[in-house]
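*Asks:* So you can see what is in the structure, the chains are spelled out below.
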Amino acid sequence: MKTLKLTLATALLAVSALASAEEAVLKVSAIPDEAPTELQRKFAPLGQYLEKELGMKVQFVPVTDYAAVVTALNSDKIDMAWLGGFTFVQASLHGKVVPLVQREEDSKFTAKFIVNAAVGAKSLQDLKGKSFAFGSASSTSGHLMPRYFLQKEGIKPETFFKNVAYSGAHDATVAWVASGKVDAGALNASVWEKLVQSGKVDGSKVKLLATTPPFYDYNWTVRGNLDKKLQARISAAFLKLDPKNPQDKAILDLQRASRFIPTKADNYKGIEAAAEAAGLLK
Amino acid sequence: MLSSHPRDPARWPRLLTLLLCLALLAPSFSLTQFNPATLANPDSWRTMAGFVAGFFPMALQADFLRDVARETITTLASATAGIALAMLLGAPLALATSHALQRHLLGGERPARLAGWLASLLRGLMVILRGIPEIVWALLLVRAVGLGSLPAVLAIGLAYGGMLAKVYAEILESQTPGLASALYLQGASRWQCLLYGLWPQALPELLSYSVYRWECAIRASAVMGFVGAGGVGQLLDTSLKMLNGGEVSTLLLVFLLLVSLSEGISLLSRRALGSVTATRMLPALGLLAVAASVLWLWPGWRDSGFDSSAIVRFARDFFPPASDMLTEIGHGMVETLAMSGLGSVLAFMAGAVLAMPAAGRFGTAAKWLSRLLLNVLRGVPDLLWASIAVLAVGLGPAAGVLALALHTTGVLGRLFAETLENADPEPELALQQAGAGRLLAFAYGQLPTVFSQWLAYTLYRWENNIRSATVLGIVGAGGLGQQLYLALSLFQQHRAASLIIAMLLLSWAVEQLSRYCRQRMG
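So the sequence lines, in the order shown, correspond to chains A and B. Counting from 1, position 83 in the first sequence corresponds to residue 83 in the working numbering; the numbering is continuous, with no gaps. Counting from 1, position 85 in the second sequence corresponds to residue 85 in the working numbering; the numbering is continuous, with no gaps.
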């Protein structure tokens, strides 16, 4: 009995000592463009790699809302975040943030317009009077760029379509269109390709209608007041990931990246202009 | 001779009234794009059937269940801590604004002008606190203080604080004033008047209402995860978005158990309030529960940190409210009203139909089955129904109509069944014995005795539904809530401010209108 008490006391002491140790922690989050559990699964190996490279604890903070990630980064609640082009612009307008790296694919990202086969539409103009779904309102490839592209085609979604809805996520948009809940929708090209390759899209039910011109999308951004040296070390760690090394390749594959490249705020001027033109920065 | 009238003699006027009502509702159908035909559409059924089929097998993996258990405790703890905060906020507000403790009413002195203004100011604050629905508070606080359980606790504390303040004040006012007044005239201070003149007689009622609010807070706390404020709602939101039926069914079951458990505890403790020991025990138990809740939530709060300057910065962004969106707000308001009206009417009809078996008119088996159905309908909050309805009829106000109809059917069905059970059975029996058929005997013998009560319940629920309809848009079901969610997602705080003001106005107008109607009826 006495030993039990002693063990318990020691264990308690150890736990509290662990909890109170002021250890350096890098808090990381990501916009929820996929299920939070999926994001955590994707991040786990990258997190371990960063822990090893930076010699500090890396903690993933799951967040269910795009705008909350931006707010958390702006108010220093997290140190680094995986942002979309639009959320990066929002974050840089509301505080000081520094974009570090992006996937090679992100410098020429596109969005896809899809339609339910039963609608029989051949072009975007055929969608007049139909219902339409964007992804999350804060999404670059699920909302901003498709909206901007429609605008350039002379289409104002709110009056052109019968009904405009926000599904919340790219995979949800595909599910809506496939089930006929909405006639057409727009989403991230990379999610579309993943769903097509894995056979999760029924080609007889959902048709590809159009693709936007390329634009800059996702990046890894840190808060502006994060130690400059640490920023440089984080960048270096990402850039060092080598697709020829099998261990690195596994990390890159989970991120759906061929490799990481440096990025800068200027790359997102186009996104900002598009957001301005689409009236989303009022 | 009744037997020579096999059909309802008043059928034409009744049919006409029904048609007239439906004609009046017709604009609501088009406004909300609610098309009953979509429910009959085989494609909708197939999607829904596919989704429901995915409910089985239920998700029972150990790590998922561990998450569910942790989040369930968090939900309970947030509700309990939230109510504690609400009481801390509500009690002083009630004391400061209740007429029961004002000098001029206690002792017939001239009303002090400054004190009067202060009380009005505080009453205005209370209207704002409770006029903004708790889920909107949560949505705002998630942005202001970050994710997790802290915004949920604060949201419940603020919204319910305003509500408790109002009801506490009314409870104090409804006590017989003689005792307090006599004490005051004897030279007792107002604190003494409260402690010896009002407190002892008002305490059971104050406690009873607080326990009832705790029960409501659990339902509210369970859905706050939809805006990122932790708890079972957050798990459910994720599972719904990913169309993971197995997880959804497990969570729905947990949800219903949680709601029934809290209802049970609330009912038992309110019944026990009759005895003196219970009145003494309950506050002690409550304090223990609050302490346990704070202990459970503390690690999460410590991690997220509370940054008051961030909140001030966040609040400052809302001013001035945007003034160029009157048409949008008008549209949102009309959509909100149409959603609530149509949902309430559908619920009235479905509730009336389900109340028959639930009142035991078709045997015991039918009674328990229909009661179970009504309890499930009622136990699932409308916001949760909305996120499921979005799957069945697509995003937009139609999902809101369906959600309100489903939840309200559960509420009204139970109330209708209770009125039927309490009604005098004799007129109906007499008609039956005189040879009238069952339907006719019901229509002439029973219905008139309960109908005005049914109507009153429905109007009361409609009032509630208008408030609910303003927030259903947060999960994509149209109305002002959808616009607010969009504005906040795009950091358009000025627009968000205007929308919140619109919600406040709507809620205030409904409250005033209903008070006016009740005074007229009473």
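Just to be clear, a hint being listed does not mean it is correct.
Derived coverage of chain B by chain A (criterion: at least 3 residues anywhere in the stretch with Cβ under 8 Å from a Cβ of chain A; other residues may be distant) [claimed, not checked]:
#, segment
1, 226-236
2, 483-491
Listed next, the in silico DSS-like pairs over lysine-lysine satisfying Cα-Cα at most 30 Å (straight line) [to be verified]:
#, chain 1, residue 1, chain 2, residue 2
3, A, Lys-240, A, Lys-200
4, A, Lys-27, B, Lys-367
5, B, Lys-241, A, Lys-108
6, A, Lys-200, B, Lys-367
7, B, Lys-367, A, Lys-156
8, B, Lys-241, A, Lys-42
9, A, Lys-207, B, Lys-241
10, A, Lys-264, A, Lys-27
These aren't lab readings, by the way, just hints derived from the structure by calculation. A virtual CB, placed ideally from N, CA and C, is assigned to each residue, including glycine.
*Asks:* Taking the hints in turn, state whether each one holds.
*Replies:* Taking the hints in turn, this is what the structure says about them:
1. 226-236: holds (count 3)
2. 483-491: holds (count 6)
3. Lys-240/A with Lys-200/A: Given pair Lys-240/A, Lys-200/A is violated - Cα atoms ~34 Å apart, limit 30 Å.
4. Lys-27/A with Lys-367/B: Violated. Lys-27/A to Lys-367/B sits at ~55 Å, over the 30 Å cutoff.
5. Lys-241/B with Lys-108/A: holds, 28 Å
6. Lys-200/A with Lys-367/B: violated, 44 Å
7. Lys-367/B with Lys-156/A: Judged against 30 Å, a Cα distance of about 54 Å means the pair is violated.
8. Lys-241/B with Lys-42/A: Judged against 30 Å, a Cα distance of about 18 Å means the pair holds.
9. Lys-207/A with Lys-241/B: holds, 23 Å
10. Lys-264/A with Lys-27/A: With a Cα-Cα distance of about 22 Å, the restraint between Lys-264/A and Lys-27/A holds, given a limit of 30 Å.
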